[in-house]
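Work out the full structure: start from the sequences and follow the hints.
Just so you know, the sequences run in chain order A and B.
Start counting the first sequence at 1; every next residue gets the next number (the working numbering).
Start counting the second sequence at 1001; every next residue gets the next number (the working numbering).
Bear in mind the hints are in silico, worked out from the structure with no lab data behind them.
One thing to keep in mind: the hints can contain errors.
[To be verified] If you want the footprint, here are the derived chain B segments under chain A, 3+ residues with CB under 8 Å:
#1 1101-1107
#2 1145-1158
#3 1508-1518
[Stated by the list, open to error] If you only want the chain A side, here are some residues facing chain B, beta carbon under 10 Å, derived:
#4 Lys53
#5 Gly58
#6 Pro80
#7 Glu83
#8 Val100
#9 Trp105
#10 Lys110
#11 Phe116
#12 Asp134
#13 Cys144
#14 Ile145
#15 His214
#16 Thr216
#17 Tyr233
#18 Tyr234
Note that the Cβ used here is the ideal one computed from N, Cα and C, for glycine as well.
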Amino acid sequence: MAKTKFKIWRGNEKGGELEEYSTETSEGMVVLDAVHQIQAESANDLACRWNCKAGKCGSCSAEVNGMPKLMCMTRLDELPLEEGVTIEPIKTFPIIKDLVTDISWNYRAKQKIKPFKPRPPDNEDGSWTFYQEDIDRVQEFRKCIECFLCQNVCHVLREHHLEDEFIGPSALVYTAALEMHPLDTEDRLEDLKNANGIGYCNITKCCTQVCPEHITITDNAIIPLKERVVDRYYDPVARIWSKLTRRS
Amino acid sequence: MEAHEIFEHDVLIIGAGGAGLRAAIEASSTGLKVGLVCKSMLGKAHTVMAEGGIAAALANVDERDNWKVHFSDTMRGGHYINNWRMAQIHAKEAPDRVRELEAWGAVFDRTKDGRILQRNFGGHKYPRLAHVGDRTGLEMIRTLQDHGIHQGIDVHMEVTVVHLLKDGDRISGAVAYDRERGRFRVFHAKAVVLATGGIGRAFRITSNSWEYTGDGHALAYNAGADLIDMEFIQFHPTGMIWPPSVRGILVTEGVRGEGGILLNNKGERFLFGNIPDNYKAQTAADAEEGWRYVLGDKDAHRPPELLTRDHVARCIVQEIKEGRGSPHGGVFLDIAWIKEKLGNAEEHIKRKLPSMYHQFKQLAGLDITREPMEVGPTTHYVMGGVLVEADTQMSTVPGLFACGECGAGINGANRLGGNSLSDLLVLGQRAGQYAAKFAKDKGDTRVDEEEIDAAKREALAPFDRPVPDAGNAYQIQYELQDAMQDLVGIVRNGEEMERALVKIGELKEKAQKVGAVGNREYNPGWHTVLDLGNLLTVSEAVARSALERKESRGAQFRVDYPEKSEEWGKYNVTVRRGPDGSMQINRIPILEMPAELREIITQMG
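So this is what it looks like as structure tokens:
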């Protein structure tokens, strides 16, 4: 057993600073274990969110040595311990306390997306017939655990704070899951173009890099959605066709 | 006393996992005003951890399946002290509840002919679990969440209920605080549904999250409701055991459903030597037949790894105790071996068990497509909970309903894997429906301001108490977890449980004196003091119920009473708060099963 130094950001919306703690670390420990140990030993009121401790609920997002991570899936032996480990809250969202931020905007952004609207059932028992190959892509998107690390690193949100105009990568992944669902009949393209601001994404792929579920956010979700929007609103042939058909 | 914010709801649902969300959707569909309170953010509840699938006799993979087989499997798995009516309702309604999820956007894995795929699981005669790889719980909670947010439900996130209010005998609301600022919220309600999950945090080794502190159990108990079957705690046979920090994290039964085998350090499949008599006819004779079952051969019987969880967990403990365990004190779970049988085994494992692959790779540095895992039992689920009516899910307190893990009856002495997700849906839907009906039929209630003030004072008391250098709230919780794990665990005896009760008594005194540092803003130290009260109540209920039941049945194994007793098969044990505040233990006779259901069980062998 060895003692390791941790610098954890403590404070609230009015301000705060990194405080130093030291705790025993052992084989296989993850960052969240260390935070819990410190909480139990010397900082009872240290605020952090967590639930499953297995990378499935997406609650314990933080910035570990400056990198956006799930604390429960980040092993200490992947980090240079001799320099100490710095743990800070995710930066894009307002601070509540210590490692806990106000992520409620993400829920509001998601709520703006029109819900699932299936075609009538194919079978008498109320079920549908569709095949695994129809849903492989949708299932990739539905792995999303809503940890909001992608939202946290998206420069449209992190630097420019265009929260009123852009729903961010995780909500676009959700939109893609609905749009590519074989049963869905809703049309979300106008919302994507206007209220949900897909045009703001300039495909720097930061979101894809931090996704703990390894969802190919930019290539598989956002670019195909952008293409659908372009096809409808910016394709000259389609525009002429649409005008002609409207006139008739 | 400081002011509090008041919220008026017709139906208040406490807990937003699968059961709470399903109940909220149902209650709000009747046009009533529904409030949904969750301790965490929405969509983070423990349901996300469910991996294997939802049990429902859809008969998509094996046309011989139907509700009667599912009913019979559930009763057998529960050692026949389940509430038969609940098991019947559950088996009949589960298929509709699963199809409903598909209509709300869930994307289940498919059969070749384009229907919902079903997999094998312990104790289920046929492949019955609708699933999405090994992340079925996430799919379920997300589907319910995404459907629910458009139904006009008022969601109160990161809010903890500390007390249920009553108007005479009837429930009338709840007192809560918000975690963010520590301010009080008072809910006025005509009906309240508890859907708070389980009690796993009472044990040291557990697959459960911090939320699982028995809140619903304790709230109901304090409000005068009966608890039942509290002696039955499910220890899931396969939790991770190495490295130490991941100890207890769940390894889905789906690994065994996909052909994974359990081995001791001699390389023996030890379960073949230990098959209970009442499962002999349903279990494979050898490894070859077991593998044929995994491949879907309808003439083959299931491998012994798919026996019920109570049995498999005990056999693992025995192997370890008799010196045949793995290096870190578990046994081996091997799915990599299927490469002997399948050409594309590596890809197959990654596709069917993606999060298991990821979990072991990331947390244990182990590749499950190449090496065996080390596993051991972990506290997973409580069969016991609030005593409710089968059809309506109403407790013995009028207007108070319970569903999901904090309700009880359907599972008896042992729950089958996959029956939890289906139970959340079926009984959650019913709880929502009947709570709404109760609210409409019975009308308004009153709340008592003095009762509210008393609850607020009690919640704030820890700030006026000192925090000892040694023995803060976290440390008291660890002591309790050690006592429960060591003295009321998988293998029990009367003398140890008496000692556990003495320890619980001491810890109760300590807990009443322990304080919290800091202020009321998002303060886990304070929250832990408050959760401790609930954990101590449920721990006492478990130990007392286990002492009362002088036999071994299902999840309860007592070395001092190692046999199953016919007499004890006639009763459930109940727990109630006595007039003097002490815990009273009683037994109630099991409802007699109608002849046609008895006939089904006989037919199914």
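Now the hints, each set against the structure:
1. For a cut-off of 8 Å, the count of residues in the segment 1101-1107 of chain B with a CB near a CB of chain A stands at 5, and the three-residue condition holds.
2. Counting residues of the segment 1145-1158 of chain B whose CB lies closer than 8 Å to any CB of chain A gives 5, which reaches the minimum of 3, so the coverage claim holds.
3. With a cut-off of 8 Å between beta carbons, the segment 1508-1518 of chain B has 3 residues touching chain A; three or more are needed, and the interface restraint holds.
4. Here the hint on A/Lys53 is kept, as its CB sits about 7 Å from the closest CB of chain B, short of 10 Å.
5. Hint on A/Gly58 holds. Least Cβ distance to chain B is approximately 7 Å, under the 10 Å limit.
6. At its closest, the beta carbon of A/Pro80 sits 18 Å from a beta carbon of chain B; the interface hint therefore is violated under the 10 Å criterion.
7. With a least beta-carbon distance of about 21 Å to chain B, the hint placing A/Glu83 at the interface is violated under the 10 Å criterion.
8. Look at A/Val100: its Cβ gets to within about 5 Å of chain B, closer than 10 Å, so that hint holds up.
9. Given the 10 Å rule on beta carbons, the hint for A/Trp105 is violated: about 12 Å separates it from the nearest Cβ of chain B.
10. A hinted interface residue such as A/Lys110 counts as satisfied when its beta carbon comes closer than 10 Å to some beta carbon of chain B; here the least separation is about 8 Å, so the hint holds.
11. At its closest, the beta carbon of A/Phe116 sits 4 Å from a beta carbon of chain B; the interface hint therefore holds under the 10 Å criterion.
12. Hint on A/Asp134 holds. Least Cβ distance to chain B is approximately 8 Å, under the 10 Å limit.
13. For A/Cys144, the interface hint holds, since its Cβ comes within 10 Å of a Cβ in chain B; the closest pair sits about 8 Å apart.
14. A least Cβ separation of about 7 Å between A/Ile145 and chain B falls short of the 10 Å threshold, and the interface hint therefore holds.
15. Taken as an interface hint, A/His214 checks out: its beta carbon lies about 8 Å from the nearest beta carbon of chain B, inside 10 Å.
16. Here the hint on A/Thr216 is broken, as its CB sits about 15 Å from the closest CB of chain B, past 10 Å.
17. For A/Tyr233, the suggested interface contact is broken, since its CB lies about 26 Å from the closest CB of chain B, more than 10 Å.
18. The restraint placing A/Tyr234 at the interface with chain B is violated, with a minimum CB-CB distance near 29 Å, outside the 10 Å limit.
Of the hints listed earlier, those the structure fails to meet are numbers 6, 7, 9, 16, 17 and 18, in rising order.
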